[in-house]
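Asker: Construct the entire structure; sequences and hints are all you get.
Numbered per my numbering, the sequence shown spans residues 4 to 398.
For the record, the hints were derived by calculation from the structure and aren't laboratory data.
Positions of the beta carbon are idealized from the N, C-alpha and C atoms, including for glycine.
Incorrect hints may appear among the rest.
Taking CB as the label site, the calculated pair distances span [unchecked claim]: (1) Glu260 with Cys387: 20 to 30 Å; (2) Ser285 with Thr235: 23 to 33 Å; (3) Phe384 with Asp265: 21 to 31 Å; (4) Arg378 with Gly223: 43 to 53 Å.
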Amino acid sequence: MRTVCVVTVGRSDWGLYLPILQCLRAEPGMRLHLVAAGAHLAAGHGRTDAGILRDGFEIQDRVPMLLAADDAVSIAMSMGLGTIGFAQVYERVRPDLLLVLGDRFEMHAAAAAAVPFRLPTAHVHGGEVTAGAIDDCFRHAITKYSHLHFASTAEHGRRIVQLGEEPWRVTISGAPGLDHAGRVPLLSRDELSARVGLTLTQSPVLVTQHPVTLQSERAGEQTDALLRALDTVAGHPIVMTRPNADTRNTDILERLERFAADRPHVRLVSNLGTQAYFSLMSQAAVMVGNSSSGIIEAASFQLPVVNIGLRQEGRPRSGNVVDCDDSAAGIVAALKRALSAEFREYCLGVQNIYGDGHAAARIVNVLRTVELNERLLIKRFVDCEGGLPELSSPF
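Answerer: What follows is the structure in structure tokens.
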């Protein structure tokens, strides 16, 4: 029996993990050991570990690590607490493999803690670039801690190799969130209205805004500009999600709370869950903000997206994304284009560049069959002299 320890640190990764974990759980020779940490366990972020249980998964370990404050020193201290907590889990469980995903500082703590244990680590969504976020540092560091890599596109796979990783360690899996986007049963308009507490007689505007961590001092200013732009949108209810746990997230949250309290057509929701979030994507008129879900998953719903500012700069886009700066005027202009009948019709023909909906099977097949030996554990740095090797994509 092969034990795979999987670390989830918040709603941002849980929906992406779900198809992988469902596939992994169906394998008779594999055992899942699920560790919930970070924002999942924070009351201020809705205690989203309850959603894991509702999705039918048991949590074998919890690692509390987030301090109440959201300044730089608190984030750094939270990383230290997480490293201690994850180390204690690995010492007790001694899993055969560790699976991590993405670029969060909490996930970095989980991957770093595994290094002294010589714990084979597999990383999903490496090789990507987000110029406006400190996440780049964490993502690339996790790549170097990891022994297996599951990239969402061939471009991202080549970048992993450019970081010195041996090509045989890299699988172009596609983005696992697309597996779930194509299979989760979607809520009806009435069911979705009941879930968010807002009558959705018209297609809603979905707003997901997070701190731009390399510009965290501007979080309040950027949110004010977004809200001024939203006040120009007529005839659509607005559903806003809470920001993630990054530095200065409270600057955003306080403004969203005031905005929603003053407007009956606006709702701020703590934790939609994967089903309701994808249902909103399927029914929304437009998505606005700076979330990776607007770049990666939204194209699967042919949803127009207004992507604001630098947070997602560097990630390739499907044709449904309208980029703009973080000024109110820039957002208003982008909203006007995204809400136009012409652009909506154009989006109906958009293909998602992040995969074909079969990422989970590719990932679990590697986790099931890879030999856990010295070849896997002893990493050799590959110098890419004379250009980068080509990596084939299955989609």
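Asker: Now look at each hint and say whether the structure bears it out.
Answerer: Right, here's what the structure says about each hint:
1. Glu260 with Cys387: 20 to 30 Å: violated (48 Å)
2. Ser285 with Thr235: 23 to 33 Å: holds (25 Å)
3. Phe384 with Asp265: 21 to 31 Å: With a Cβ separation near 56 Å, Phe384 and Asp265 fall outside 21 to 31 Å, so the hint is violated.
4. Arg378 with Gly223: 43 to 53 Å: The hinted range 43 to 53 Å holds for Arg378 and Gly223, with Cβ atoms some 51 Å apart.
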